[in-house]
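K.L.:
Read off the chains here:
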Amino acid sequence: MSVCQKTLPVTGADTPQPGYRVLWIEDHELAARCVPGMFFELKADRRDQANRLYKPISVYQVREGRMAFMVKEVGEGSKALCSLQPGDGVRLIGPLGNAFPLLNVQNILLVSGGVGYPPLSFLKSCLPPSSRVIHLHGGASAKDIFPCDIVCTEDGSAGSKGRVTDLVPSVIAENRIQLVYSCGPQPMLKALARMVEGIPHFVSLEAYMACGIGVCYGCSVPVGNEFKRVCKDGPVFNAADIDWEKL
Amino acid sequence: MSVCQKTLPVTGADTPQPGYRVLWIEDHELAARCVPGMFFELKADRRDQANRLYKPISVYQVREGRMAFMVKEVGEGSKALCSLQPGDGVRLIGPLGNAFPLLNVQNILLVSGGVGYPPLSFLKSCLPPSSRVIHLHGGASAKDIFPCDIVCTEDGSAGSKGRVTDLVPSVIAENRIQLVYSCGPQPMLKALARMVEGIPHFVSLEAYMACGIGVCYGCSVPVGNEFKRVCKDGPVFNAADIDWEKL
Amino acid sequence: MSRSKSKLGKLDFDPPVTVASGTFGTEYFDFFDQRWLGAYVSKTVTFEPKAGNPVPRLYETEAGLLNAIGLQNPGLKGFIGEELPRLRDLLQIPLIVSFSGSTPTEFCQMLECLEKQPGIAGYEVNVSCPNVEKEGLPFGIDPDVVFNLTRELSKLTDKELTVKLSPNVSSIEQVAQAAEAGGATSLALINTLWGMAVDWRTGKSRIGRKVCGYSGMGVKPVALALTYKAAQAVKLPILAMGGIHTWRDALEFFYAGASVVAVGTAMFSNSQAVVELVQGLNGYLEERNLRLKDIIGKVS
Amino acid sequence: MSRSKSKLGKLDFDPPVTVASGTFGTEYFDFFDQRWLGAYVSKTVTFEPKAGNPVPRLYETEAGLLNAIGLQNPGLKGFIGEELPRLRDLLQIPLIVSFSGSTPTEFCQMLECLEKQPGIAGYEVNVSCPNVEKEGLPFGIDPDVVFNLTRELSKLTDKELTVKLSPNVSSIEQVAQAAEAGGATSLALINTLWGMAVDWRTGKSRIGRKVCGYSGMGVKPVALALTYKAAQAVKLPILAMGGIHTWRDALEFFYAGASVVAVGTAMFSNSQAVVELVQGLNGYLEERNLRLKDIIGKVS
Ligand SMILES: Cc1cc2nc3c(=O)[nH]c(=O)nc-3n(C[C@H](O)[C@H](O)[C@H](O)COP(=O)(O)OP(=O)(O)OC[C@H]3O[C@@H](n4cnc5c(N)ncnc54)[C@H](O)[C@@H]3O)c2cc1C
Ligand SMILES: Cc1cc2nc3c(=O)[nH]c(=O)nc-3n(C[C@H](O)[C@H](O)[C@H](O)COP(=O)(O)OP(=O)(O)OC[C@H]3O[C@@H](n4cnc5c(N)ncnc54)[C@H](O)[C@@H]3O)c2cc1C
Ligand SMILES: Cc1cc2nc3c(=O)[nH]c(=O)nc-3n(C[C@H](O)[C@H](O)[C@H](O)COP(=O)(O)O)c2cc1C
Ligand SMILES: Cc1cc2nc3c(=O)[nH]c(=O)nc-3n(C[C@H](O)[C@H](O)[C@H](O)COP(=O)(O)O)c2cc1C
Ligand code: FES
Ligand code: FES
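Chains as they are written, first to last, in my numbering: chain F, 1 to 247; chain G, 1001 to 1247; chain V, 2001 to 2300; chain P, 3001 to 3300.
Check before you lean on any hint, since a few could be wrong.
Said to hold, decoys possible - Part of the chain P face toward chain V, derived, beta carbon under 10 angstroms:
{"#": "1", "residue": "Phe3047"}
{"#": "2", "residue": "Lys3229"}
{"#": "3", "residue": "Tyr3284"}
What the hints assert, rightly or not - Computed, partial: chain P to chain V, Cβ under 10 angstroms:
{"#": "4", "residue": "Phe3032"}
{"#": "5", "residue": "Trp3036"}
{"#": "6", "residue": "Leu3087"}
{"#": "7", "residue": "Pro3104"}
{"#": "8", "residue": "Cys3108"}
{"#": "9", "residue": "Leu3156"}
{"#": "10", "residue": "Thr3157"}
{"#": "11", "residue": "Gly3195"}
{"#": "12", "residue": "Ser3205"}
{"#": "13", "residue": "Tyr3214"}
{"#": "14", "residue": "Gly3243"}
{"#": "15", "residue": "Val3299"}
Quick caveat, the hints were computed from the structure, so don't treat them as lab data.
Where a beta carbon is used, it is the ideal one built from N, C-alpha and C, also for glycine.
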């Protein structure tokens, strides 16, 4: 299906934590096409952003023809997005990327770190009610924490102190996890991939992007013996296929 | 006397014509040092201007410890200045440059074009009441016109149609002009210099500036056999000294 | 007749706008009609397939883009087998194939092979990619090598033969003259400048390969200077690129001596860049009652 | 002992920051104390006085500054007679004199003459100004010429001898190695890139001389790449510059291999740039309990 490119107004915006912003955008056709794992290329429709790149942002929620994105302030581009108010314009390209594959299993673990939260949160809302889902989320401190089942922070300001991967082995053991979905910073994903080897594991990768639509090969990651594009071949990959050493 | 470098709030601002803005800044010490011909290097104290040059802007009025600048929107820098509201910050360096020399004569002609208006308007307000002063001002159209004695516009939308220099010969003849001050675009100044040869004529030159304080030699203009800096040796020069051919 | 029609050697261009190799794909035709382009330039193809450079490969600086793609591509066989037929079916505009070899012989073999394929209007010989260790680079900086290579290649084809030059040279004039003497029918410039960025927090290079290629807005003054210098040095028409975002940017290049311009990095920030460029250019020419050829090289 | 203390060949630098030749004057000491600088680099002086280039000489682009000053200066005699005594009186920090000749012999004569003057701590040999037709340019791009020139000059002085390199070369490594082999005690880089801008309304060049020098923010990625390349190619310490505005920019250069950095174009947009740079750098080192030498060249 073809990718859309539009400029739309922000219909709602709030600040769930300092340094984060949730932007709501209404577009029934686009919203209907979003599934968990997909992302959009977004940028603020502002003069000082005219010559700057779009930034990949996951679909965070979809509700009645509206899509939400949760953006963390990191650099130039995300700062501009976070400054948007209702009524301001957003330029977008999407929906982009593949989706988390859904398997018919019972016990599912979601592991997110930092801005890996939004796509897994969306995924959680779409998993069949019959499955038992545990969402483990970690961040640097309490202000990087959003609703989930188990929390940990590096500075101990919320949940248990440490890395999200510290908790994974016991969670897996205690809950007979059959399937893992993950998204977050690469070192976390790398560590996680080692830990859950043997269990089906789908990971959504982050990569710096230029085009977002598969033409520039800038977002490539080592998968098997070749480089695959996160924007077009991903962002979701089977963790077993990724060459974690080269990443 | 040493040059100051400050960030000050805009205390008042208005839009005398679309595309122009008058900014008032209060600083008793600086205001007391301003004489006609001097200028400041100004820039908007805004993040997107951080790495951009200051822009030279003439002192337009001085009143009770406040200085006014009249800025025309031309490019990036002047646009940012024109967007300023009372309370916004301006970064300034100054006062800079020399001054119009005052001669003890009766009949004085001021000729300005475009943004040559502000310094001559300030000069007029400082000339002795005993002198007879005629201020001739020209611009592209009615929206480039400000209070003066004789107006002309290129499109004829205010005053007489044509160039300001078209009117000069008759004004000089009819008023026995003994001294000319001018400021404006270079082609105008060049033509004027030829016309009024023989009459003392002081001209304030415009030049692209980087430092504004005499270190970079970027604003040099051909004067006699050498290049002089508009920012430090000028901006006011004796028209007879300028090598108009090379300019 | 259109005011903005132009020529690049043997190829007519209308509009006088194309895309920078490696920054474009037919995916963009989801966003605008291909006829807004005067020709299509493929991503550079190499003889063998290339996996490309280690990650990360991209970083956006204050004023441009760093990249170290390393010519990831399926190789000549893959290109001819899959990409070329697809492009042939899809394109209604001339196709210029960009290619690069690791030796002069390989360049020649590739051209011979491509000559047998239908649907190719011309070639862009990439002797200037800064992101591959052996390929391209030694060629693009040495006038003698460029002369010899171009001479061999020009014997093998009657189609448009553009040589794409590196800006990272002591004398663009000499390299341009070498390509002209060798029989190139036009020049393309600039490829990316050397670039680098470091994460000041950690001391880590932003790009896996450290030194990489720099493009976009911040390279425009350099690209303009080199376009002007090359245009002064040779009679060949020039396909200019480097930081062109708007029709105003494009006008600067036409005045400096470009016959055709290409949009590269700008596509990534504005997928309508090409359309807006062509519209703006036509508006400018109409308003002033000019033809494009009246302004090419007319900087004063 | 200060964390940020450094060395450029024979000169101690504390802070490890100086100014780019031609962009600075003592006028700036109205705005900050000179001790925020580790040394003062003069504007390039030539043997004969130079009137400089036709106007206009400056233009601010989207991402940097174009200039074609053309080394306007009073000549060696004027410098020694007026400027040098003034600097000697005023400076409490080491003075590095930048100079440029039109022939190797002239370079040597100038150095001999300068050697007799008290108050000079070192020299920056400008072989790289893009804005003069004959001077500098032929020297800076040819490794052999740089080698010979440096060898002659190094015989004439025991003071710090920095050779300032042009970025407009095919191989910065070769030129850097030539200067090292010739006896330079450090390298300075980069001088300005080729640049140009055209007024799209009129087709007029923004700069009288058309092709000119490009500096400022937009050249930073290039300057970083060349600093890194030079640092990999030679053992000499490097005085790096090119688009350094902030302490974060400076850190990138230290990680890439610079021993000292210089602020140039940034002075024009922020007269406190040097002060803020030194403060930021010290803060960074303190917060992480590092010394500058722990990070120089440590990009990973
Ligand atoms: C498929 C996909 C989905 C994504 N979904 C989301 C999402 O839903 N929400 C979201 O917020 N982000 C998401 N991201 C990440 C987001 O795209 C990046 O944060 C954004 O592109 C950063 O752009 P920028 O211009 O703000 O920063 P840039 O200027 O591009 O700088 C970012 C870089 O700077 C460095 N950096 C900047 N600040 C810091 C810091 N404080 N500490 C350490 N390093 C730093 C990092 O190296 C980083 O690579 C997603 C990415 C991908 C690939
Ligand atoms: C001593 C002195 C005093 C000055 N006093 C004043 C003053 O009091 N008020 C004032 O408004 N200005 C004054 N100027 C002029 C002012 O400095 C410039 O207008 C300003 O620097 C422009 O900067 P910018 O960043 O806005 O434009 P830039 O981006 O620097 O571009 C300006 C250049 O773009 C071109 N340009 C831009 N727009 C147009 C256009 N519409 N038509 C044709 N060419 C165009 C011109 O070539 C011009 O040189 C003075 C200049 C000097 C030297
Ligand atoms: C992501 C990316 C990939 C590129 N790939 C190629 C390539 O395969 N072949 C080539 O000749 N040039 C390649 N280039 C260089 C561009 O074609 C162009 O010469 C350069 O980017 C300058 O133009 P711009 O500033 O408009 O992008 C690439 C540039 C970028 C940014
Ligand atoms: C206005 C101006 C004048 C310059 N004059 C000289 C000079 O006289 N000698 C010299 O070696 N470099 C000169 N340069 C180059 C700078 O010293 C420096 O190498 C270059 O600008 C890159 O640094 P920056 O980006 O920090 O300015 C000049 C640069 C500018 C902008
Ligand atoms: S970002 Fe261009 S291919 Fe993925
Ligand atoms: S602007 Fe630098 S000397 Fe005048």
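K.L.:
Compare the structure with each hint and give your call.
P.N.:
To see whether the hints hold, each was checked on the structure:
no., hint, verdict
1, Phe3047, "25 angstroms, violated"
2, Lys3229, "6 angstroms, holds"
3, Tyr3284, "8 angstroms, holds"
4, Phe3032, "23 angstroms, violated"
5, Trp3036, "20 angstroms, violated"
6, Leu3087, "33 angstroms, violated"
7, Pro3104, "19 angstroms, violated"
8, Cys3108, "24 angstroms, violated"
9, Leu3156, "27 angstroms, violated"
10, Thr3157, "28 angstroms, violated"
11, Gly3195, "4 angstroms, holds"
12, Ser3205, "6 angstroms, holds"
13, Tyr3214, "5 angstroms, holds"
14, Gly3243, "8 angstroms, holds"
15, Val3299, "5 angstroms, holds"
The structure does not agree with the numbered hints 1, 4, 5, 6, 7, 8, 9, 10 stated previously, though it agrees with the rest.
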